[in-house]
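A.B. asks: Please arrange chain C with the ligand on chain E, whose structure you already have, making use of the hints.
If you want the building blocks of each chain, they are given just below.
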Amino acid sequence: MSQPFRLNKEGLINRNKKISFTFNGKKLFGYEGDTIASALIANGIHLVGRSFKYHRPRGFFGAGVEEPNAKLQVEFNGHSEPNVNATEMELVEGLSATSQNCWPSVNFDVGAINNFLKMFFPAGFYYKTFMWPKSFWYKIYEPFIRKAAGLGVASIEKDKERYEHKFEYCDLLVTGSGPSGLASAYAAAKNGAKVILAEDKPRFGGTLLTDDVSIDNLSGKDWAEKIITELKSMPNVTVKNRSQVFGYYDHNMLVMFERVSDHLEKKSKFTPRQRLWYIRAKETILSTGSIERPIVFGNNDTPGIFLSAAAKEYMKVYGVLVGKKPLIFTNNDSAYETALEFKKNNVEPIILDTREEHSSELIDEAKSKGIDIRFSHGVIVANGYKKVKSAKIGKLNKDKNSFEKIETVDCDCICVSGFWTPSVHLASQSGNKLKYEEKIDAFIPDKKKQHETSVGAANGSFTLEESLKHGFENGSNLSAKITETKTEISIPNVNEKKYGAHDKFWCMPLPKNENPKRFVDFQNDVSVSDIEIALREGYRSIEHVKRYTTLGMATDQGRTSNLNGLQLVSNIENKIVPEVGHTTFRPPFTPITIGTIVGREVGMEYMPTRKTPMHEWHEKNNAVFVDAGAWKRPRYYKLGSETLFEASKREAKNVRENVGICDVTTLGKIDIKGPDAAEFLNRVYTNAWMKLPVGKARYGLMLREDGIVMDDGTTTRISENHYHMTTTTAQAANVLSHLEYYLQIVWPELNVNVVSTTEQWAGAAIAGPKSRDMLSKLYPDLDVSNEALPFMSYKEAEFFGVPSRIFRISFSGELAYEINVKSDHGMFMWEKMMEVGKDFGNQPYGTEALSTLRIEMGHVAGPELDGRTIPSDVSLNGLVSKKKDFIGKNSLGREAFNVESRQKIVGLIPIDRKSSIPEGSHIVQDQNAKLPNPKLGHVSSSCWSVENNNPFSLAIMKDGKNMIGKKFFAVSPLKNKSIEVEVISSHYVDPEGKRVRS
Amino acid sequence: MLYIKCPYCGLRAQKEFSYGGDATVKRPNINEEVSSEDWDNFVYMRKSPRGKHIELWQHIAGCRQWIKVQRDTATHEIFQTAKVTEEIR
Ligand SMILES: [Zn+2]
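Chains as they are written, first to last, in my numbering: chain E, 1 to 998; chain C, 1001 to 1089.
This is chain E alone, in the form it adopts within the complex (with noise of 0.2 Å):
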């Protein structure tokens, strides 16, 4: 199978290597080294999509990020990716191209009817039509919209491939590989500076790759490959390709995207797919050059329409012609090389000069070649549907209004060229505020916001001269400033050509009676009509033209259409185009994939999991497991065919009647020394501290400053001057920093220190009426009668030969202890615990059971801690002092926290005695009011009190205290239940506290 529009010789591709893929199921082939878009247009095939909006047939522009139209879904490596740039994928074997934005297909396009209905479809389209009726928009408009718009289609599958990220610091960043970057980075590596390099495109060098040059006597590809090869041998200096900086942060941080392995065939099973670099850069070379911009004409946007460089990247890259025939449209001498790489190709180009006869080096030069030139001239329309046949061209009047001659010429492309816009995305968005350049009707960076130095043509400098002289000078006293040493270095002699001044003209005027379509924003198909639109009916502000028009605001951020939109504004409004001004430029310059983004930090690596030295015992015992916070703690204990209800009903139920055990090692645990230590507790709990003895135990409450109950726990004194302090599982980490803050910043004059030490101690609690037998054999030795060891005491004690700490104290209501073990020792204590445990009836039990226990003795937790409560709310204002001062203290005497009415804690049993009170329901009065029915509160806890054997919850209500024996209903329509309640008191069993004092 041959291909039509291959050259023989020319190009960077690897010829030895032929790559198949398919594109809309045909079968191709093209060359390692070529992109999707470069094998397509070699075999002949221009037509890949439909616009946006109009479904208009569309081809490729550009030859890389510039390009508005080539977006293409693609598989490969067994993914379905959308919007895929073909421009920049290069080539793979096995991948499968298709067109996007087409049904049934890119040939014929049911949707492309829009272009014929696109009255309709003027700006703010979508502003204007769909505002009404509102019934309308979730049946009607939004389907339609959603069948109608978007690009691609996103994969539902699970992505398999491997994302990284990577951190990375160092003295110069240089984002671009062209003349001006290869010389900042050689000049700062020779001082001795810490470079990274980045080139987004594969291939390093940039305009040196396609651009007539020579460097000290080589061509520039050969200088820039010389240059690459010097520095990846220099260990201070990292040279990336395929890597793009997407985006410019505060403080120097610069975030770079990598394509590492989406070229590769086969790669290894750890290798990423992508990775992205965050790079924290002391100095940041901006060499991203500059895209060529197009003049606006009509049907511009059909398929064989390329800019002229990206015509000639085609060519001398890739060695491929976009046409036989082509029409050189251009206000400048750029395009005139691309003219000379035709014809070196011997193919003849007509070139279209918008400027009046003249000459200059490259004038002669063509005009030497005997190329057909024609001044004055430019496309007026472009003619052929899917492909470019022919187009009527004009010669222009002297004030280029309007036309001296029109006729028509055969093409099979026209490459435009309208001058260079330089890339000034990332200094733009370092903070730069750019400034305009008459000289090149363009924006480019004015003074230097962060560290950003841009170079080159992303500097407006459009000769090879002057970028390297600028590229060595500021890559040298930039890094010569980091690493005190400078290198000198001769800058190489430049053989270049020449160019005249470019001819500011944009946009071509239209004759008498006609009206094509003349396209700015190709990607979001906007035209010239759209913006007069716009600015007729009252759009003044750029920001505002751009929203209401939807241009620049594609995935290319439109880097080919920004200038001409500004050029017609200022136009039509009669000003200069810096009073117009621009948009904001914002990150990721280039569309990145949301699985680079995310990283490593996907299912089991989203988060650290933490696990007790006792996990692997959970497991192997069918534990099934809950998330508290980064923790996995056994949420109950599987027997058979158990349901977690019947499961944790049976674990509660023993631990009532025998005794179970739990791990608590997840408890927040602090360590508290120093001499001021009681002080310190004092001020931190709202009760008294100064008088607890060594050995001895107590259940503290602590409040944020504004009187909210902050967190609970007990506190022990394990000898003079060291505390040992509990917190919720949840709020061990705030608790922490709350006391490190107190300690550092409010009272620094008290010695003393705290450190966390939830990781290095086990903890299990024994719980039950048999828990007393049961420790007195894990303990032989010790006296553990209610006399030696009573309620809210500590002992230090040997556990089979390991040092342990036991504290009784409980959560369960019951008689409890609670045992702690070196976190080695965890899974020995467990195992011995099991073993002993036997004899009594011990199981272990979950948290599900754990909140059943606590929920049916009324102790509150995080569901009534919610950071709406203040100790009287949740029945503890009996641990308030009124003698002392405190954290919090003097907000407890606010006017709202102190009216009788105010919501307060009760306990809720269902009428029925049988229907489980959904967490979350709303207590209302009346089940049937009228919406919104008033709520009197709400249910925080729900349990099946295993000692009552029916439901019971926990809810914090209006007036609660008063509302003991009103009945009222508890109302879920999340769950659809409405329930009939009676209000009780909150302490369902044991009120009086007997059973831990046993």
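Read the hints as simulated data drawn from the structure, not as lab findings.
Worth double-checking, as some hints may not be accurate.
As the list claims (entries may be wrong) - Under the rule of at most 20 Å between Cα atoms (straight-line distance), these lysine to aspartate or glutamate pairs were calculated in the DMTMM-like manner:
hint, chain 1, residue 1, chain 2, residue 2
1, C, K1026, E, E749
2, E, K395, E, E357
3, E, K9, E, D222
4, E, K889, C, E1037
5, C, K1026, E, D885
6, C, K1005, E, D250
7, E, K433, C, D1072
8, C, K1026, E, D706
9, E, K18, E, E265
10, E, K638, E, E831
11, E, K889, C, D1040
12, C, K1015, E, E164
13, E, K889, C, E1033
14, C, K1015, E, E168
15, E, K240, E, E225
16, C, K1083, E, E740
17, C, K1015, E, D250
18, E, K449, C, D1072
19, E, K832, E, E798
20, E, K889, C, D1038
21, E, K883, C, E1033
Said to hold, decoys possible - So, partial list: chain E residues that the calculated Cβ filter (under 10 Å) puts toward chain C:
hint, residue
22, D250
23, G431
24, L736
25, V746
26, K884
Stated by the list, open to error - Here are a few chain E residues that sit away from chain C, every Cβ distance over 10 Å (derived from the structure):
hint, residue
27, Q3
28, F76
29, S80
30, G152
31, N397
32, K469
33, N493
34, I594
35, K632
36, E646
37, D671
38, S785
39, F840
40, G878
Beta carbons are placed, not taken as given, at the ideal position from N, Cα and C, and that holds for glycine.
C.D. replies: Here is chain C with the ligand on its own, set in the frame of chain E:
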């Protein structure tokens, strides 16, 4: 992402810190009478300046020290960082 100079550890990424609000607010002394107005000002009232702001950050994934940072709230420029015991002018 900000680059914050911890007075104890040196320049570190923002990821390692957590924000702690206005550093110029002073808590009324413990065990001393305080008027409702002063207390409310301490608990609730904060300025939200555009421009220079002295604020607290904690080096939570580092040395765990609370530090002072003088930052421009509009541009994120950091002018100075200091230990909490030191003054920022
Ligand atoms: Zn630090």
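A.B. asks: All hints are to be evaluated individually against the structure, with a verdict given for each.
C.D. replies: How the hints compare with the structure:
1. C:K1026 x E:E749: Satisfied, since the Cα-Cα distance of roughly 15 Å is no more than 20 Å.
2. E:K395 x E:E357: Given that 20 Å is the threshold and the Cα spacing comes to 12 Å, the pair holds.
3. E:K9 x E:D222: With Cα atoms ~17 Å apart, K9 of chain E and D222 of chain E stay inside 20 Å; holds.
4. E:K889 x C:E1037: 15 Å, holds
5. C:K1026 x E:D885: The given pair, whose Cα atoms are some 17 Å apart, holds under the 20 Å limit.
6. C:K1005 x E:D250: 14 Å, holds
7. E:K433 x C:D1072: The hint holds at about 18 Å.
8. C:K1026 x E:D706: 15 Å, holds
9. E:K18 x E:E265: 13 Å, holds
10. E:K638 x E:E831: Between K638 of chain E and E831 of chain E the Cα gap is close to 18 Å, so the pair holds against 20 Å.
11. E:K889 x C:D1040: 12 Å, holds
12. C:K1015 x E:E164: Distance of about 17 Å is within 20 Å: holds.
13. E:K889 x C:E1033: 11 Å, holds
14. C:K1015 x E:E168: 15 Å, holds
15. E:K240 x E:E225: Status holds; Cα separation ~14 Å.
16. C:K1083 x E:E740: At roughly 14 Å apart (the allowed maximum being 20 Å), E740 of chain E and K1083 of chain C satisfy the hint.
17. C:K1015 x E:D250: 13 Å, holds
18. E:K449 x C:D1072: This hinted pair holds, its Cα atoms lying about 14 Å apart.
19. E:K832 x E:E798: 13 Å, holds
20. E:K889 x C:D1038: 14 Å, holds
21. E:K883 x C:E1033: 13 Å, holds
22. D250: 5 Å, holds
23. G431: This interface hint holds because 7 Å falls under the 10 Å limit.
24. L736: 8 Å, holds
25. V746: OK, holds: V746 of chain E within 10 Å of chain C, min 5 Å.
26. K884: 8 Å, holds
27. Q3: Q3 of chain E is indeed farther than 10 Å from all Cβ atoms of chain C, at 48 Å.
28. F76: 33 Å, holds
29. S80: 33 Å, holds
30. G152: 31 Å, holds
31. N397: N397 of chain E clear of chain C: closest Cβ-Cβ about 51 Å, beyond 10 Å.
32. K469: 32 Å, holds
33. N493: It holds; N493 of chain E is separated from chain C by about 42 Å at its closest Cβ, greater than 10 Å.
34. I594: 19 Å, holds
35. K632: Consistent with the label, K632 of chain E stays out of reach of chain C, its closest Cβ about 22 Å off (over 10 Å).
36. E646: About 42 Å separates E646 of chain E from the closest Cβ of chain C, which puts it past 10 Å; holds.
37. D671: 14 Å, holds
38. S785: With a cut-off of 10 Å, S785 of chain E remains clear of chain C, as the shortest Cβ separation is near 41 Å.
39. F840: 43 Å, holds
40. G878: 22 Å, holds
In the structure shown, no violation is registered for any of the earlier numbered hints.
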